[in-house]
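Q: Spelled out from the first residue to the last, the chains are:
There are 2 protein chains.
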Amino acid sequence: MATYLKELYCPKCNTTYDAYRPQNLCECGTPLLVRYDLERLAGEVTPQVWRKRPEGLWRYRELLPVIREENMLSLGEGGTPVYSLDKVAGEYGLKKLFLKDEGTNPTGTFKARGAAVGVGRAKELGLKTLAMPTAGNAGAAWAAYTSRAGIKMVVVMPEDAPLTTQAESVAYGADTYLVKGLISDAGKAVREACAKYGWFEVATLKEPYRIEGKKTMGLEIWEQFEGNLPDVVLYPTGGGVGIIGMWKAFNELKDMGWLKGPLPKMVAVQAEGCAPIVKAYKEGKDKAEFFQGAQTIAAGIRVPSALGDFLVLEAVRKSGGTALTVTDEEILSAWSHLAKTEGALICPEGAACVAATKKLRETGLVSSEESVLILNTGAGMKYTELLKEKAKLLETGSLVD
Amino acid sequence: MATYLKELYCPKCNTTYDAYRPQNLCECGTPLLVRYDLERLAGEVTPQVWRKRPEGLWRYRELLPVIREENMLSLGEGGTPVYSLDKVAGEYGLKKLFLKDEGTNPTGTFKARGAAVGVGRAKELGLKTLAMPTAGNAGAAWAAYTSRAGIKMVVVMPEDAPLTTQAESVAYGADTYLVKGLISDAGKAVREACAKYGWFEVATLKEPYRIEGKKTMGLEIWEQFEGNLPDVVLYPTGGGVGIIGMWKAFNELKDMGWLKGPLPKMVAVQAEGCAPIVKAYKEGKDKAEFFQGAQTIAAGIRVPSALGDFLVLEAVRKSGGTALTVTDEEILSAWSHLAKTEGALICPEGAACVAATKKLRETGLVSSEESVLILNTGAGMKYTELLKEKAKLLETGSLVD
Numbered sequence: 006m007a008t009y010l011k012e013l014y015c016p017k018c019n020t021t022y023d024a025y026r027p028q029n030l031c032e033c034g035t036p037l038l039v040r041y042d043l044e045r046l047a048g049e050v051t052p053q054v055w056r057k058r059p060e061g062l063w064r065y066r067e068l069l070p071v072i073r074e075e076n077m078l079s080l081g082e083g084g085t086p087v088y089s090l091d092k093v094a095g096e097y098g099l100k101k102l103f104l105k106d107e108g109t110n111p112t113g114t115f116k117a118r119g120a121a122v123g124v125g126r127a128k129e130l131g132l133k134t135l136a137m138p139t140a141g142n143a144g145a146a147w148a149a150y151t152s153r154a155g156i157k158m159v160v161v162m163p164e165d166a167p168l169t170t171q172a173e174s175v176a177y178g179a180d181t182y183l184v185k186g187l188i189s190d191a192g193k194a195v196r197e198a199c200a201k202y203g204w205f206e207v208a209t210l211k212e213p214y215r216i217e218g219k220k221t222m223g224l225e226i227w228e229q230f231e232g233n234l235p236d237v238v239l240y241p242t243g244g245g246v247g248i249i250g251m252w253k254a255f256n257e258l259k260d261m262g263w264l265k266g267p268l269p270k271m272v273a274v275q276a277e278g279c280a281p282i283v284k285a286y287k288e289g290k291d292k293a294e295f296f297q298g299a300q301t302i303a304a305g306i307r308v309p310s311a312l313g314d315f316l317v318l319e320a321v322r323k324s325g326g327t328a329l330t331v332t333d334e335e336i337l338s339a340w341s342h343l344a345k346t347e348g349a350l351i352c353p354e355g356a357a358c359v360a361a362t363k364k365l366r367e368t369g370l371v372s373s374e375e376s377v378l379i380l381n382t383g384a385g386m387k388y389t390e391l392l393k394e395k396a397k398l399l400e401t402g403s404l405v406d
Numbered sequence: 006m007a008t009y010l011k012e013l014y015c016p017k018c019n020t021t022y023d024a025y026r027p028q029n030l031c032e033c034g035t036p037l038l039v040r041y042d043l044e045r046l047a048g049e050v051t052p053q054v055w056r057k058r059p060e061g062l063w064r065y066r067e068l069l070p071v072i073r074e075e076n077m078l079s080l081g082e083g084g085t086p087v088y089s090l091d092k093v094a095g096e097y098g099l100k101k102l103f104l105k106d107e108g109t110n111p112t113g114t115f116k117a118r119g120a121a122v123g124v125g126r127a128k129e130l131g132l133k134t135l136a137m138p139t140a141g142n143a144g145a146a147w148a149a150y151t152s153r154a155g156i157k158m159v160v161v162m163p164e165d166a167p168l169t170t171q172a173e174s175v176a177y178g179a180d181t182y183l184v185k186g187l188i189s190d191a192g193k194a195v196r197e198a199c200a201k202y203g204w205f206e207v208a209t210l211k212e213p214y215r216i217e218g219k220k221t222m223g224l225e226i227w228e229q230f231e232g233n234l235p236d237v238v239l240y241p242t243g244g245g246v247g248i249i250g251m252w253k254a255f256n257e258l259k260d261m262g263w264l265k266g267p268l269p270k271m272v273a274v275q276a277e278g279c280a281p282i283v284k285a286y287k288e289g290k291d292k293a294e295f296f297q298g299a300q301t302i303a304a305g306i307r308v309p310s311a312l313g314d315f316l317v318l319e320a321v322r323k324s325g326g327t328a329l330t331v332t333d334e335e336i337l338s339a340w341s342h343l344a345k346t347e348g349a350l351i352c353p354e355g356a357a358c359v360a361a362t363k364k365l366r367e368t369g370l371v372s373s374e375e376s377v378l379i380l381n382t383g384a385g386m387k388y389t390e391l392l393k394e395k396a397k398l399l400e401t402g403s404l405v406d
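Protein chains in written order, with my numbering: chain A, 6 to 406; chain B, 6 to 406.
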């Protein structure tokens, strides 16, 4: 297969790097991005070529960095459904409200996309041991794909990471460790160990290929809405890889001439207890500060400091979007409401976007005429330990006594 | 849209029933099946029409019993991936081993298919309250789709049903009850309550539409293997709706002239601690007896008595397949092995089929030249409470001390 992979580049200082050797950050400390030969790609491939392939992430292979077919690791990732939330749309005074459900990915979250591409490329580059800190789900996903690739994986999680993700990571055979504290403490342990043992660090944005996997969410949205993109896309923002990836996808499609018309307004949603990017957005800053005392039930967005903060802020601002917070109470309430009215048991992070949609309508930041897409990043069934209501025991074994 | 739905019929006594009124069993106590006008369908629709629609269950709408678009309830069910298990194939001496992963359905199991169609048709027929006994996953799935449909749902589970499925059913707003004992005890409670309160009973095969949803697994296999069906399909058999449905699908396609050549050999896999159908198969019987003292860690196949036993036995025999058991130890071992070698964390029921594949090769019942497809019915992350290995706590917070 022809590859259109060209080079890696730093979005801050513009230094370029060889994409055929393992790379972490730019020398200036900035995450690297992947550049393709988009002109040649647009001349040699058409959207019809993609559409004829089975749904899923690898349908977009020409715009992905994995070159050899045997490294396109697949457990059925991507091709996730979009469905409408008509009842909730009515309640919020919206004509069109959609949800893209990443919970139907293998390992139950959108992290599978980043892992499929990140691990596939790591295999292609000959890497033998990968290590990462994680809030839980990325660890589970990377454990799955490294198992498939035959690569050794070391995962470090906060002690209170969701139990399901701990068990998954272990089950896939990754060396799985817990630390007291936050994901930043797990990050420190991984950094030290990589320096000492020569493992390749794959923490969020410390390598350039995870974004490429996440980017496919944007490619799918473009296909699924067939030339009529939603006006607003809400994304629960922890490390921010998904929003950076989707924004990159939309712009690559635009550069290739495959996407015309305005791009969606990108909205970054964070929890009130951990909102570094919202704070920076409101203060007009280009970078976020470390958020002290980070606290929220939505573990995936409990990220006090994100390497890609400046890219998230750029996507939000350039797209004409916004950044806002919701409280844990609002998350829990929206979570329960969506399951009981729409039959959608999403993840707490996705529920944060449902609550944020309500706020955007109440404040008038989104009009009733605008179409809104919520990105749900994971399956609710991974978080049932957070649900308080229980089934009732029928002591007599009968419902008619 | 034109409908090809014709009537319901009893596969035992051939009595026919009106498909436009709610129906449970035939008067003779047998599950009813759905009949379509296949000749007219084959004349008016083509496989290309299906292929052009987005992947998922409703792509096959002409061969499904839901007529009006608004009753085609969707949370993104179906369109599940098939991927190869090359390492395990090598170990077992098979050239081609595939897994179809139903774990990527909403609610994490193949039960979503039966629920989407069963609840959709119940809505279309104006039913207000549904009730079912369940090992867990069917309850979660029907709770999700009744929530979406705005229909009241009552779910009764054994007290030891997987915790995740209990929590899901409650979260979706179903009235969820636990009974001491087995699914047969839950069944008794539901039967009594339906008789007293006029609820519509949707226990396995007590209504004819769940099979139609499950049938779409067969339609997808036919599409995914493009005229070159696997030689052998292994299915973990509890109530047996999936194997009955797939067999019905293959035969409908054959009757329409859309499928040529031999059909796959259908293999029913059960646990040694609950094997009514395997026992009947070995004894040459057409029906199974109640299996006393049913016991297995794979809750989905802990079904001591199945209404559709005779249909499962028919599919197995007519297809030239077989029925066999595996022990819980073999299930656990295959489960762990698949996660660690292929990156696939499937459900214990699916793992039973992996273990059974090994046995079929060891006994020579499947040759190295035959292609084998394992039907994995659910996501492993719903069963992490069964996994014994744990993550290790880094007391010092460091990996390099």
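A hint or two may mislead.
Cut-off 30 Å, straight-line C-alpha distance, at most; resulting in silico cross-link-like pairs (DSSO-like, lysine-lysine) [claimed, not checked]: (1) B:284 with A:157; (2) A:201 with B:397; (3) A:57 with B:265; (4) A:157 with B:397; (5) B:201 with B:157; (6) A:265 with B:57; (7) B:157 with A:101; (8) A:57 with B:397; (9) B:284 with B:323; (10) A:345 with B:133; (11) A:193 with B:57; (12) A:133 with B:101; (13) A:345 with B:193; (14) B:101 with B:345; (15) B:284 with A:393; (16) A:157 with B:265; (17) B:397 with A:393; (18) A:157 with B:393; (19) A:157 with B:193; (20) B:185 with A:395; (21) A:157 with B:185; (22) B:185 with A:345; (23) B:323 with A:397; (24) B:193 with B:284; (25) A:292 with A:92; (26) A:397 with B:393; (27) B:57 with A:133; (28) A:395 with B:133; (29) A:133 with B:100; (30) B:393 with A:185; (31) B:201 with A:345; (32) B:393 with A:395; (33) A:133 with B:284; (34) B:100 with B:133; (35) A:397 with A:100; (36) A:393 with B:157; (37) B:157 with A:345; (38) A:395 with B:345.
Just so you know, these hints were derived from the structure itself, not from any lab.
Q: So which hints don't hold here, by number, going up?
A: Going through the list in order, the structure violates hints 1, 8, 11, 15, 16, 19, 21, 23, 25, 27, 33, 34, 35 and 38 and respects the others.
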